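J.: Here is what each chain is made of, one letter per residue.
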Amino acid sequence: MTLEEKVIAVIIEQLDVTREECSIEASFIDDLGADSLDLVELIMEMEEIFNVQIADNELEKIRTIGNVLDYLKSKGVVWNE
Amino acid sequence: MKRRVVITGLGAATPLGNSISETWEGICRGKSGIAGITKFDCTLFETRIAGELKGFDPTRYVNRKEVRRLDDFIIYALAASEMALADAGLTIGAAEAERTGVIIGSAIGGLATMEKEKEAISLGGPRKMSPFAIPSVLANLAAGHVSIRSGAKGPINCSVTACASGTCSIGDAGRIIAGGHADCMIAGGADAAVTPMCVAGFNAMRAISKRNDEPEKASRPFDRDRDGFVIGEGSGVVILESLPHAMERGARIYGEIAGYGNTSDAFHMAAPPDGHEGAARCMQAAIGDAGMTAAGIDYINAHGTATQMNDAFETEAIKTVFGQHARTLAVSSTKSMTGHLLGAAGAVEAIFCLKAIGEGVLPPTINLDYPDPDCDLDYVPHRARKRAIRTAMSNTFGFGGVNAVLIFKKFEE
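Just so you know, the sequences run in chain order H and A. Counting with our numbering, you get residues 879 to 959 for the letters of the first sequence. Counting with our numbering, you get residues 191 to 603 for the letters of the second sequence.
Hints listed in this document are in silico derivations from the structure and should not be mistaken for laboratory results. One or more of the hints may lead you astray.
[Said to hold, decoys possible] In the SDA-like style, the derived pairs of lysine to any residue whose C-alpha atoms are separated by at most 20 Å in a straight line are:
| id | chain 1 | residue 1 | chain 2 | residue 2 |
| --- | --- | --- | --- | --- |
| 1 | A | Lys192 | A | Ala368 |
| 2 | A | Lys306 | H | Glu919 |
| 3 | A | Lys255 | H | Thr896 |
| 4 | A | Lys308 | H | Met922 |
| 5 | A | Lys255 | H | Asp908 |
| 6 | A | Lys255 | H | Leu917 |
| 7 | H | Lys953 | H | Asn929 |
| 8 | H | Lys939 | H | Val955 |
| 9 | H | Lys953 | H | Val888 |
| 10 | A | Lys192 | A | Arg289 |
| 11 | A | Lys318 | H | Glu926 |
| 12 | A | Lys308 | H | Lys951 |
| 13 | A | Lys255 | H | Val955 |
| 14 | A | Lys255 | H | Asn929 |
| 15 | A | Lys600 | A | Ala484 |
| 16 | A | Lys318 | H | Val888 |
| 17 | A | Lys576 | A | Ser432 |
| 18 | A | Lys255 | A | Ala368 |
| 19 | A | Lys318 | H | Asn929 |
| 20 | A | Lys318 | H | Lys951 |
| 21 | A | Lys576 | A | Tyr560 |
| 22 | A | Lys255 | H | Lys939 |
| 23 | A | Lys255 | H | Ser952 |
| 24 | A | Lys306 | H | Thr942 |
| 25 | H | Lys884 | H | Lys951 |
Since the model is a prediction, treat every value here as computed from it, not as a measurement.
The following block holds chain A by itself, in its conformation from the complex:
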């Protein structure tokens, strides 16, 4: 018997704001978080725009020594976790510690640290390597530090499934609670990969937008003139609890995990198969896990990266799964506003689904000025829409052929 799992706390730092309220306000207003890159000198780069955090003060969350020794992705994860725990009003005492776990995913881990330390070695030799390099580079150290800080001693893991990492974290954390292996989980994703290697690497793959002169218009999912995604950074973390645990302490409940699906394309390292059948199977798996039918889904927060291939293929997969209902349900890509937060994307997009259910507001797809004829669904163009919904699906697909889909529903006893 699977136990019911609810979400009771939210935390995020995104290009739209350094908190949930600021971020959600940006989403509702259809604001873009994309601007010129400030994190390194990008003069020679083809792409010079990204979704960076703005005015984020790390010393609100860590001391000065830690600012130096921890890669930004770890600090972002600590920030979102602290916000989520505070939002949930959850303190992890001795009684809960061993029944509380952490899964924070990251697509790339401490890439900025890796680049910096490689330069130190190249210039000064191996003795110039910092002792903090390795524990700053390892992707699971975000989860590690969140565990150390919060005192959570239960299951710990780190999903490294590229752009699906945040979704896999929350999905797997839900299963850990559903299976009775923990009562609470701190789960989400973090990435801080606005770095020379990441930007040049995605440029080499022809995967990211080069609309440098119009940063706010650069991320244009489902638009005819889209030219790739925009790299973003940040973190999203949610607090998951078994229903009895949440009820017992009178926690506010944002929603319930209805279903989770996870499939592999077994096809190509970066391209989806025809019709994105892996994604379609994944949506079907999540719907099956939820014990629902496709007609029960009201809103999809799409992967919607704004690459040529993703948006057309994802649209096709949605049509395969939903048939006629694909014409009535709402689909939007919040990446049009946040950019693509890589390993954090699935986590912040799960949060947007929960906010959409809770507030009765569908996030828009901004910059959808010239709809691609191959992308012909209701993408909630330009402006957020007021609509009461009961269920929301979050799609994420990653390099390596990973697909991960979560379904959230309004909580009802």
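Chain H with its partners taken away, still in its complex shape:
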């Protein structure tokens, strides 16, 4: 499983959405039905799985699945499972 596949798997589980809905451009709030609390929970889950800490001011920039991937890559996160 690549990093992208893992991130999407987590999103499917957390937000109760389908794989088809999870395009790279998909916005959590506008396209995936998340509210601000869902987003906080999702980020907590990402922090746990990828062993990173996302600061609150960076949180604001995370709007889409692509944003999460870019962020994790910028922190040097790699995933192979």
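We have chain H; now place chain A onto it with these hints.
T.: Chain A only, in chain H's frame:
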């Protein structure tokens, strides 16, 4: 001038079944809903039995995301509300929304969530706290979610009066309609407190049964060998309407709220005063509110928890209020079958009163094998009894010295 208030919809999820029909069938057959605890590892606990829901599928009522983010007591409340609204055939359109309200009580709220999140903090630090923790713990969030789901925009509240919560919800909802502040109310109670803290806490108070090897015999109200109540979980919700509102839409009417009483012992946080005078005054208040005399009550669904103190004191209070009539009226404790649903107890027991009136069946008190000499009324032992009744009283008493009593009567134009 008080407006008349009738009940037009019923919904419940109880240890006897996940619907009204299943639950009522269990009551009529004198079935016990008590079994070993499955919700957590209870190996080290003194009490290892409870009345849990069985085979309840939350995804019938909420999506997978909500199953994770909502405490069970909220999901149980949503389930009972959906059943009650469907049973009443009531849809809340724009015209009714602001005249429809919600009161769902809970004794303990999201205790399971609180325990889980405290563990997350202890193990992983404060950043491990879920953003859904607080809105899952707050007791009024059952009412909140029922309002969101149903679209009811009128009065909203949550009775947190321990084991009287469900009764206070229905009583207060009735008064809101009677006073003209709403036309319909979704009212009841929900609790899901089969948790380590709740079981250990009631054990510490010596309040719950430890008859672990015979779960079905553990809840034995008015019996000599009773050794405390059995914690139950679940929900009960009724739809209340002003009589004209119900008539106008041709609703089926289960019964009418005749009277409601609510008093305080002003005595002790957990024990009743001698003779349970607070409970006696509460029954009298409800009878007075109904404009009836004590002789007009045909059946009492007792608080009947099966603690040593409650059953003897409640019996004494009934004798004080009813005098000679206490010898002729029927009294039973459905907690012998459901266990004690805490904040939901008053709501499901109100439903049993309405079913008793509607079906002409008195629920039994099961496990009453060796009647306590101090408990010498007609408790409808072992088997349900066919008897046409016109009125039924539901007693509930809670920690903090709360007493709440509702009287229902057969509907007659």
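J.: Does each hint fit the structure? Answer for all of them.
T.: Tested hints:
A distance of roughly 5 Å separates the Cα atoms of Lys192 of chain A and Ala368 of chain A; the hinted pair therefore holds under the 20 Å criterion. For a cut-off of 20 Å, the pair hint linking Lys306 of chain A to Glu919 of chain H stands: about 15 Å separates their Cα positions. A hinted pair counts as satisfied when its Cα atoms are at most 20 Å apart, and Lys255 of chain A with Thr896 of chain H qualifies at roughly 13 Å. At roughly 16 Å between alpha-carbon atoms, Lys308 of chain A and Met922 of chain H fall within 20 Å of each other, so this suggested pair holds.
Among the hinted pairs, Lys255 of chain A with Asp908 of chain H is consistent with the structure: their alpha-carbon atoms are about 17 Å apart, no more than 20 Å. For the hint pairing Lys255 of chain A with Leu917 of chain H, the CA-to-CA distance comes to about 13 Å; that is within 20 Å, so the pair holds. For the given pair, Lys953 of chain H sits about 10 Å from Asn929 of chain H by alpha-carbon distance, which is consistent with the 20 Å threshold. For the proposed pair Lys939 of chain H and Val955 of chain H, the alpha carbon gap of about 18 Å is at most 20 Å, so the pair holds.
Taking the CA atoms of Lys953 of chain H and Val888 of chain H, the gap is about 18 Å. The hint holds against a cut of 20 Å. Note on Lys192 of chain A and Arg289 of chain A: the hinted pairing holds, with a Cα-Cα distance of about 17 Å set against a maximum of 20 Å. For the hint pairing Lys318 of chain A with Glu926 of chain H, the CA-to-CA distance comes to about 9 Å; that is within 20 Å, so the pair holds. Pair hint Lys308 of chain A plus Lys951 of chain H does not hold up; C-alpha atoms about 33 Å apart against a cutoff of 20 Å.
Between Lys255 of chain A and Val955 of chain H the CA atoms are separated by roughly 27 Å; this puts the pair beyond 20 Å, and the hint is violated. Annotation: proposed proximity of Lys255 of chain A to Asn929 of chain H is violated, straight-line Cα distance about 24 Å (limit 20 Å). Restraint check for Lys600 of chain A and Ala484 of chain A: satisfied, since their Cα atoms lie roughly 16 Å apart, inside the 20 Å limit. Restraint check for Lys318 of chain A and Val888 of chain H: satisfied, since their Cα atoms lie roughly 17 Å apart, inside the 20 Å limit.
A threshold of 20 Å between alpha carbons decides the hint, and for Lys576 of chain A with Ser432 of chain A the separation of about 30 Å lies outside it, so the pair is violated. Using a Cα cut-off of 20 Å, the hinted pair Lys255 of chain A and Ala368 of chain A is violated, with the two alpha carbons roughly 39 Å apart. Distance restraint check for Lys318 of chain A and Asn929 of chain H: the Cα-Cα separation of roughly 13 Å lies within the 20 Å cut-off, and the hinted pair is therefore satisfied. Taking the CA atoms of Lys318 of chain A and Lys951 of chain H, the gap is near 23 Å; set against the 20 Å cutoff, the hint is violated.
Between the alpha carbons of Lys576 of chain A and Tyr560 of chain A the distance comes to roughly 23 Å, so the proposed pair goes past 20 Å and is violated. Restraint check for Lys255 of chain A and Lys939 of chain H: not satisfied, since their Cα atoms lie roughly 24 Å apart, outside the 20 Å limit. For a cut-off of 20 Å, the pair hint linking Lys255 of chain A to Ser952 of chain H is broken: about 29 Å separates their Cα positions. Note on Lys306 of chain A and Thr942 of chain H: the hinted pairing is violated, with a Cα-Cα distance of about 30 Å set against a maximum of 20 Å.
As the CA atoms of Lys884 of chain H and Lys951 of chain H are separated by approximately 13 Å, the hinted pair is consistent with the 20 Å bound.
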